[in-house]
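J.: Between the sequences and the hints, there should be enough to build the whole structure, so can you do that?
Take a look at the letters that make up each chain.
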Amino acid sequence: MDKITFDDPAVRAAFRSIAAKAPFVYGLTNYIAANLNANVLLAAGAGPAIGAGADWPSTFPAGAQGVWINSAAVMSNDAETLRTVAETAKAAGTPWVLDPVAFGAGAPGYEEIVRSLLAYRPAIIRGNASELIALAGGDVTGNGVETTADSGQAVEFIATLARDTGAVVAVSGPTDYISDGARTVAVPGGDIRLTKVTGAGCSLGALSAGAVAAIEDPLLAAITAHAAFARAAENAAQRIGPSGGSGSFAVALVDELYALAGSAE
Amino acid sequence: MDKITFDDPAVRAAFRSIAAKAPFVYGLTNYIAANLNANVLLAAGAGPAIGAGADWPSTFPAGAQGVWINSAAVMSNDAETLRTVAETAKAAGTPWVLDPVAFGAGAPGYEEIVRSLLAYRPAIIRGNASELIALAGGDVTGNGVETTADSGQAVEFIATLARDTGAVVAVSGPTDYISDGARTVAVPGGDIRLTKVTGAGCSLGALSAGAVAAIEDPLLAAITAHAAFARAAENAAQRIGPSGGSGSFAVALVDELYALAGSAE
Amino acid sequence: MDKITFDDPAVRAAFRSIAAKAPFVYGLTNYIAANLNANVLLAAGAGPAIGAGADWPSTFPAGAQGVWINSAAVMSNDAETLRTVAETAKAAGTPWVLDPVAFGAGAPGYEEIVRSLLAYRPAIIRGNASELIALAGGDVTGNGVETTADSGQAVEFIATLARDTGAVVAVSGPTDYISDGARTVAVPGGDIRLTKVTGAGCSLGALSAGAVAAIEDPLLAAITAHAAFARAAENAAQRIGPSGGSGSFAVALVDELYALAGSAE
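Residue numbers (my numbering), protein chains in the order written: chain A, 1 to 265; chain B, 1 to 265; chain C, 1 to 265.
Not everything, but these chain B residues come out facing chain A in the computed CB check (under 7 Å):
(1) Ile113
(2) Lys196
(3) Ser248
Okay, the calculated beta carbon distance ranges per label pair:
(4) Gly137(B) <-> Asp78(A): 27 to 37 Å
(5) Pro9(C) <-> Asp150(A): 28 to 38 Å
(6) Gln238(A) <-> Ala20(C): 25 to 35 Å
(7) Glu156(B) <-> Arg239(C): 44 to 54 Å
If you are wondering where the hints come from, they were derived from the structure by calculation, not from laboratory data.
Just so you know, even glycine gets a beta-carbon here, dropped at the ideal spot from N, CA and C.
T.: This is the structure in structure tokens:
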């Protein structure tokens, strides 16, 4: 399996193209992660708008260059609103990212909503191992929003899910794996403290939408988002040191994305 | 046109009066910006409460010394709730601030809600150039929540809007302009990274409510909030340096407001 | 009255047991505090999920080891949803924490909702002095979400409230007091900047749920959460110095909880 990191010149160039194009990216997400999601997109050079205000779900996905739906947005919005965003994106040809937070954690009504979104053909699906194995029909269950499986265990499942849905599927973990059904690549890197910052995984969903808004190929877009996030995490870890806490890590992560995007130059 | 900065002794004294009076400030805002909005008000010495919990919209604006409505609050609240807050503030004589986020970005149902709030006579309206030009009936459209116009282009429009609504109107940009319809002043300063921190503009709306809660003259209140915010941004920029990232900038911005308020002394 | 701090070996061991057990902790909270609440729980080693997504309120409290309800969650959820979470926790035997934010601030409909939750027998109730004196039937009123009373004034009231409800009751202030109705202990420490960080008090509610999820005795759990939070605040204050601002303080607070939990070792 190929390994790709942010050292790849095509990936670096693709990441810089986000800031060059400054796409408008619209998303539904949960209110725990919303602030970090937006700041990650701003650091990368995209212009985010979040939330289902009045007629935004039926208008903003058509004007946006990229969309994401973090399904935990159901804590603020009903299922119909999520479907309106997905449907509007599909109708307008705006590529969109599905982040099926906490899928497989034991809430059947919630999972039915998430499954119903697949009909609107997301360009990218990203999640942790428990979520994606469960979504692919596998037999691993999560514990709330934490994964109980390793990303390596999900490799076969994401390839199957990619073939079944037509989406590029990306699983996060110590090594991330990304598949379009035909080809699966490994994106190593990151830092354990990513698991100690709420919304870090969700921000990878937002960043994937920023990437797919600027980069035509969804596989390259997903790889770019994951490789940039992993490198930013490594740079943040190096800056704060091994004993640096999770509060400082979250701040440094945004700083390092901002630097990778060339915004500090 | 007069230029005013935080060097003006009247502005400094007015800003310090917020912490001295410690007003209770109530607001509806969006959940992306809510945390930073509250921390900015706390740093300035006000006591914020945010959100439409049960009968809060019909009771808190009457007990508060200042109120703000960030219209993107519609992502959590219906139009009627926004109007209840505005109406309760008006009936109680509590000055309130309108922040018409994303007005002009292409969502007509949303814009109708925002327009309906003008009937409750906000003391201050603040926004970016795209939002305020559109609200004044001009022909510039935004891109999501980002402005596509420069604050300088909005100068005539904010004076008109001030005369039409009776509110003090403030537009944010590289230079902020603030008008009561008769007089328009320029407040220069700030830092480009304010555009890279989600909720920074929204926090200027919250801070304007904190100011108008403690300072009788709405024009001085708006000037004070904008001048303090610009100076805090400059001090934050100086502290983290030109290559400092947007994550560190957001933290330093709150720190510097806290210092300007005299809370660190 | 006994004084207990984080120097107590039983408290330190109890706090470390949270990270060792890594409990799943589910909560309803307000969207201003949600991000900090989750990051505090993650720093302590718990796995939080927040919010009423679809059927989460009727399923997640049963699978969780601890639950908390911050009643300001009514800004996103109706009263019935709060009661569903409390009832599901009670039925499953999951200990839960009630945080009656802004009780006594002049919103009678809201206070009725909060009172209705007491029937589901919280294991711990935590709040500031105004909130708990009002909940105990005393005659002190708050000002929005800020307290107007000192924690020392609440000592008799929390003991009464503990006897009336069967809960351990904890009041925050310059010194925290914690009572099970028979015994009341003082937990000194902390830093004034805790009052300048939005959601800091709410995070003590979340952390109490993390503690009661891992520590069988609710009195020891409440003491542990409060003593760890106070020590983390002191360590944060020492790190940033007396002139450090409230933005840096919030970041350092999370870092220091992470360090106390042993996560940095």
